[in-house]
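S.K.: Place chain B on chain A using the hints.
Each chain, letter by letter, is given below.
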Amino acid sequence: MPDSMHNEVKPPEEQGHLSGQNAAPQQPEASAAAYGPHARRNAAVIIVVVVAVAAMLIGGQYLAHKGERSGSITAGGPKPGTAAPNFALQSLDGKTVHLSDFRGKAVLLNFWATWCTPCRLEMPWFVELEKQYGPQGLQVVGVAMDDAGPDKIAKFAKEMGVNYPVLLGKESVGDEYGGLEYLPTSFYLDRDGKVVQRVFGLRSRSDIEDWVKEALSKGSSVAEKRQ
Amino acid sequence: MRRVAEAILVAALMSVVALAQAGGPSVEMAPAGITPIMRGEPSMVELNFRVKQGFHINSNHPNSAYLIPTALKLDAPTDIAIGKIDYPQGRNLSFAFAPDEKLNVYSGDFAVKVTVHPLHTAMPGKYNVRGQLRYQACDDRACYPPRNLPVRFEVQVKKTAPHTRPNRQSPHVHS
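Those protein sequence lines, which keep their order, are chains A and B. Per the working numbering, the very first residue in the first sequence carries number 1; after that it's consecutive. Per the working numbering, the very first residue in the second sequence carries number 1; after that it's consecutive.
Next up, chain A with everything else stripped away, as it sits in the complex:
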């Protein structure tokens, strides 16, 4: 049945009596009231509303343009210096892995997806860094935030030559890490599980290596070794 058949005829009170009112001759009392206290209050309300609306619109435009101009990606999640939220996620081989399992190691926690092309560029770098810094205590952990099933994720990881654990992400974990509105998103954790750096979007390999070194150099176990 076409939508037009559902059209309702509006009752007369909704069709607008205003035209009739406008047509009526203005009474002398009405013109006097136009300058009364009610009219002044109404005018003040209109001015306040107009100013507030203008301020909000300008403010909104500013916020939007600021984000575009800076090109910076900002998001939430645990801040540097705070403990990274623990989680329990399934690995591709069906084991339950907790973030706390890696305590004592510096962790590069990388959230990615099979549909994310910038993520794919980073993965060979992570493979190299895992080989290079693994003996010093680095553990790269990949978390796939992907609707694709484990088979597709495993196939992708194999194609990329991934040599570190890949876990199947959950929305609840994503929420704890700031919602993960952008991928790739990586958190660099020191040996105590505290966030050293959080990075949204693709960065250079040298930046990534610097953050890995920083994560390796921090944490109580490093301090104990030094003593």
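Incorrect hints may have been included.
[Claimed, not checked] Once the Cα atoms are required to be at most 25 Å apart in a straight line, the calculated PhoX-like pairs of lysine-lysine come out as: (1) LYS102(B) / LYS152(A); (2) LYS102(B) / LYS52(B); (3) LYS158(A) / LYS102(B); (4) LYS155(A) / LYS102(B); (5) LYS126(B) / LYS158(B).
These aren't lab readings, by the way, just hints derived from the structure by calculation. Please read these numbers as outputs of a predicted model, since none were measured by experiment.
M.R.: Frame of chain A; chain B shown alone:
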């Protein structure tokens, strides 16, 4: 007066929120007018979309099976059949994050053509067709989770023009 003022303030606040969120990727659909179509005959409806500057989305045929294609899904009302959906060809572009790889993408404006076929049984009148455009956007540094853009357009079904019969005089009638 007070209610009007409150309504204006609420509307303005919503506009501010929308503007403040405008930093993310987005695809917008241009308002589609009412397309007149003839009952029983397939017609083409063109839907125009715009990808926000600085972003791109995968085309309907991206170059990798891992990428999420842009796809339109429509729910047609009874008596209206949705036929072929024609997607434009994407552009093969390289990006800073994958300079050696060409991705087939849409950016800027693009149009999707939908074949709409009102059945012979369709009553003349306006019909709403609703659905969603699924897309996955990236910029030059990051990718964003897949999103669904609500899509809506109207068609006006009209009766087919009456078939004109040749005005033949009966051979049995003689003046």
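S.K.: Does LYS102(B) pair with LYS52(B) here, judged by a C-alpha cut-off of 25 Å?
M.R.: With a Cα-Cα distance of about 20 Å, the restraint between LYS102(B) and LYS52(B) holds, given a limit of 25 Å.
S.K.: Would you check the hint for LYS155(A) and LYS102(B), treating anything up to 25 Å between C-alpha atoms as holding?
M.R.: holds (22 Å)
S.K.: With a cut-off of 25 Å on the C-alpha distance, tell me whether LYS102(B) and LYS152(A) pass.
M.R.: Holds, at roughly 22 Å.
S.K.: Below or equal to 25 Å on CA atoms is what counts here, so check LYS126(B) against LYS158(B).
M.R.: Distance of about 9 Å is within 25 Å: holds.
S.K.: Are the Cα positions of LYS158(A) and LYS102(B) separated by 25 Å at most?
M.R.: holds (22 Å)
The structure shown violates none of the earlier numbered hints.
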